[in-house]
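**Q** Work out the full structure, taking the sequences as your base and the hints as a guide.
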Amino acid sequence: MKLPDDYKDKSGMTPTIVSTIVAVSMFVLIILLVVLYVNHKQNPPRRYADAPPATGAGPAESYPDTWELIGDSTLTPDDLDFWDMYPEETPEPEEARETPAPQENDPATDGKHTRVVDRDGKEEWVLISPYLPRHEYDFTQLVCQSDLMKYYQDGRQVSFVGVDISKAEGYVDYNKLKKAGVDFVMLRVGARGYSSGQLVIDEYFSDNIKRATDAKLEVGLYFFSQAITEAEAIEEALVVIQQLQGYTVKYPIAFDMEYIDNDTCRVEALSRAEKTTVAKAFLDTIRFGGFEPMLYGDKHWLIKEVDLSKLTGYDIWLSQQEDVPDYPYRFSMWQYDRQAAIDGISGNASLNISFIDYSEK
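Position 207 of the sequence shown, counted from 1, bears residue number 209 in my numbering, the numbering being contiguous throughout.
One or more of the hints may lead you astray.
Below are the DSBU-like pairs computed for lysine-lysine, each with C-alpha atoms no more than 30 Å apart in a straight line [claimed, not checked]: (1) K363 to K312; (2) K152 to K212; (3) K152 to K252; (4) K218 to K252; (5) K218 to K152; (6) K114 to K178; (7) K252 to K277; (8) K124 to K114; (9) K363 to K181; (10) K306 to K218; (11) K169 to K181; (12) K152 to K114; (13) K363 to K277; (14) K363 to K212; (15) K363 to K218; (16) K169 to K218; (17) K363 to K169; (18) K152 to K178; (19) K212 to K169; (20) K181 to K277; (21) K152 to K169; (22) K114 to K277; (23) K178 to K312; (24) K312 to K114; (25) K212 to K181; (26) K124 to K277; (27) K169 to K180; (28) K180 to K312; (29) K252 to K178; (30) K218 to K180; (31) K181 to K124; (32) K212 to K252; (33) K277 to K306; (34) K180 to K152; (35) K178 to K212; (36) K277 to K312; (37) K178 to K363; (38) K252 to K114; (39) K181 to K218; (40) K252 to K124.
These are calculated hints, taken from the structure and not from any lab test.
All values derive from a computational prediction rather than experimental measurement.
**A** Next up, the structure:
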């Protein structure tokens, strides 16, 4: 930088002197910058992690190597108990898995269905009709005494013991049955051939009804039907009434229509509606004759093979070989065992319980 020739500092220095001072200062500054640059290249700055801790005044000490710190130590990992400062967290036990609640639409538990098993063993859950009368029995009051089923209400027996009998039972000692605790018998009057359609009177019927009456047992009857028309059903009912001449029958006369195990039969060709019509024709004829009609059947037959809504005016004789029946609708007689032993019958006996005293009805 050159000053004007006429420049004169207040201190009295001439321009030549001032220029000399500025030039010298610039030279010194350049020398200092060069020295700093060279020093930076030879001694680069330490990273923060490598810098020794500040100790105030005094010479800087180099940071010791890791092995210098622990090389002479006798400590083991077990001596480093600072891990206890962080106790392990105990995992919370998993919540116990709850049993899934029954599905609302499960027919086995919804209380709106009943299980029906057909003769081939196929199971079906059938909706219980809200329009059919339900039974009101409390089956906790069923008691088996001397192998005979009895029903109690308020500590008093209100049921009656029965046996159904046909030619298959052979000769029956009705006096022994009476002593064994039997109150009534249901005697087979006859049957229609399941293939031929021919009417047949049970060979033992005449003797059975006479000796049962002599033994002071109440008597009811049933007919094994294979009628396929209303006319045939009426014919069967009239045959039954004809056989009762001279006898008093207070217990019901039952209509028994069934399929035949391991064979075909006449009624298999009938629809549900047709079987219902045939059954009603028989039952109505019995009622017109002055006797008490009754419909016999197992659970499958009563629910699937006939229309109960058209037969509500007749008592039901349920056949179900179980400790407790699960038939939901009203019934008044129950055949609970077909292979029982009882004094008076040499072979298997079919035992029944009646919840109604038909002798007083």
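**Q** Return the numbers of the hints above that this structure violates; sort them in rising order.
**A** 6, 10, 20, 23, 28, 31, 38, 40
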